[in-house]
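Participant: Spelled out, the chains give:
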Amino acid sequence: MLITTKKPWSEVQEMAADYQTLGIVGCGDCCAACQTGGSEQIKEAAAKLTEESKKEIVFSFTCEAPCDQRIIRRDLRRVSKELSQVDALVVMTCGIGVQSLAHVVDKPLIPTNNTQFPGSAARLGAFYEYCSTCGDCVLGETAAICPVTMCPKGLLNGPCEEVAEGMCDVFGYQKPCAWTDIYARLKARNSTDYLQKVRPARDWSSRMSPRQVVWAR
Amino acid sequence: MTKNNGGFLFTAQWETPGSLSLEPLLQGLEALKKGGEVVHILEGEGGLSPLVAAAKARKMGLKPVVHVQCRDRNRRALFSDLATLAALGVKEVVISTGGHSPQLAPAKPVYDLDVIQILQMMQDMGRGRDLAGRPLAGSFSVSPGVVVNLRGEPELEKLSLRKKMDMGAAFALLTPSTRLEEIEAVASWVSLPTIASVKLEEANSQEIVAMARPLMNGGVRGLNLIVGSGQEGRGAEVLAQMRRSLS
Ligand code: SF4
Ligand code: SF4
Numbered sequence: 076m077l078i079t080t081k082k083p084w085s086e087v088q089e090m091a092a093d094y095q096t097l098g099i100v101g102c103g104d105c106c107a108a109c110q111t112g113g114s115e116q117i118k119e120a121a122a123k124l125t126e127e128s129k130k131e132i133v134f135s136f137t138c139e140a141p142c143d144q145r146i147i148r149r150d151l152r153r154v155s156k157e158l159s160q161v162d163a164l165v166v167m168t169c170g171i172g173v174q175s176l177a178h179v180v181d182k183p184l185i186p187t188n189n190t191q192f193p194g195s196a197a198r199l200g201a202f203y204e205y206c207s208t209c210g211d212c213v214l215g216e217t218a219a220i221c222p223v224t225m226c227p228k229g230l231l232n233g234p235c236e237e238v239a240e241g242m243c244d245v246f247g248y249q250k251p252c253a254w255t256d257i258y259a260r261l262k263a264r265n266s267t268d269y270l271q272k273v274r275p276a277r278d279w280s281s282r283m284s285p286r287q288v289v290w291a292r
Numbered sequence: 014m015t016k017n018n019g020g021f022l023f024t025a026q027w028e029t030p031g032s033l034s035l036e037p038l039l040q041g042l043e044a045l046k047k048g049g050e051v052v053h054i055l056e057g058e059g060g061l062s063p064l065v066a067a068a069k070a071r072k073m074g075l076k077p078v079v080h081v082q083c084r085d086r087n088r089r090a091l092f093s094d095l096a097t098l099a100a101l102g103v104k105e106v107v108i109s110t111g112g113h114s115p116q117l118a119p120a121k122p123v124y125d126l127d128v129i130q131i132l133q134m135m136q137d138m139g140r141g142r143d144l145a146g147r148p149l150a151g152s153f154s155v156s157p158g159v160v161v162n163l164r165g166e167p168e169l170e171k172l173s174l175r176k177k178m179d180m181g182a183a184f185a186l187l188t189p190s191t192r193l194e195e196i197e198a199v200a201s202w203v204s205l206p207t208i209a210s211v212k213l214e215e216a217n218s219q220e221i222v223a224m225a226r227p228l229m230n231g232g233v234r235g236l237n238l239i240v241g242s243g244q245e246g247r248g249a250e251v252l253a254q255m256r257r258s259l260s
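First to last, the sequence lines map onto chains A and B. For the first sequence, our numbering gives the first residue as 76, with consecutive numbering after it. For the second sequence, our numbering gives the first residue as 14, with consecutive numbering after it.
Note that these hints are calculated values from the structure, not bench results. Zero decoy hints are in this set.
EDC-like, lysine to aspartate or glutamate: derived pairs with alpha carbons at most 20 Å apart:
hint : chain 1 : residue 1 : chain 2 : residue 2
1    : B       : LYS212    : B       : GLU50
2    : A       : LYS250    : B       : GLU166
3    : B       : LYS121    : A       : GLU204
4    : A       : LYS272    : B       : GLU168
5    : A       : LYS272    : B       : ASP125
6    : A       : LYS272    : B       : ASP179
7    : A       : LYS262    : B       : GLU168
Just need the whole structure built from these sequences, with the hints factored in.
Facilitator: Right under this line is the structure:
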């Protein structure tokens, strides 16, 4: 899922300053799990906007997947009358949701969240970055530990010279070294041959953003 | 590897000073010159370019060994640095990853290439090819050393070094330690000419001088003294004492 955190409310207020009537769109998937755009957070935002900022909330809803333009388009059609009455939309999604909305509706959009990383939820309120979306996955060779992400230097061919007693220098030796962990797992599986593989430099020509995947029709 | 004292090599390792004039760099090199002819040069935090330092060092009659790090440069910049070093007549470099301290300066880390990939690029340069595989004018004969980490997981370090040797690593520089048994334990399995390192600030002069003979007898090929800024004079003196202790 995409991990989001809330923007400071003052930032949202500043962006909303010029608008009086608002609609609110939340996310029932990742942002609900991160408690940044689920129904509870929509209620809280609506209360603050009406009570503190004296705005009028014309409608609000949680979209099951605002990052899917087909779904958000469908949901907005259901509130088309209300939509025509609002000055702007408060969008409680990730940055992808905000931009998907921008593709289907011509209204000023006020994002309430900061998008952090694609992550895994270990438990409620504990989210961890495991993948940097590099586009050329090596997990099959690295015992399912991503060197691009878990090694802060993103090294593909083994450890740096700064590791000490299995701990990584970048965070003051407070976190484990990804490559030491990769080695330990590969060794336990008799697969250390993978450590001898030379992984060439990444080809950045295919990694320039914005990337796209479009199926041939 | 450049040798003296019956094959045992004494070198100073020094980071370029942060300055908007060349004066501190020239003074530092002059002071280090009294300790011997080989100086390992690294880019200091916000320091002057090691390329300029290498050029100046060569002019003074020194043999610079420049440390090239993955940390701050992408492949184009690394290629340019290595080509420039070759053009300046530098014969040896040490390729390392380099540490990143987000606490110090909140800069974007680069790490476009890792050590293996830089060694691969150097092999291509040696074959007269540039980054795009086009022919390069001139010849490239820069010998790469790599770092072996005394504090790494030993089996993983061995595998790592094997891979670096397959990619052309020609000598090994050990991470610093004042503990002879620790150095010897690692040096015993490193199958490349091996240079131990010690930080001047981590031991008194006598202790450092006393390390030279047992290391030499243990098959280590040299001792690299890491000298901090402002310590160049003392560093040169310790190097001279070590040299005398073996003669
Ligand atoms: S190697 Fe890492 S960053 Fe790349 S796709 Fe796999 S998990 Fe993601
Ligand atoms: S210590 Fe390990 S995880 Fe940290 S940067 Fe070095 S190789 Fe990567």
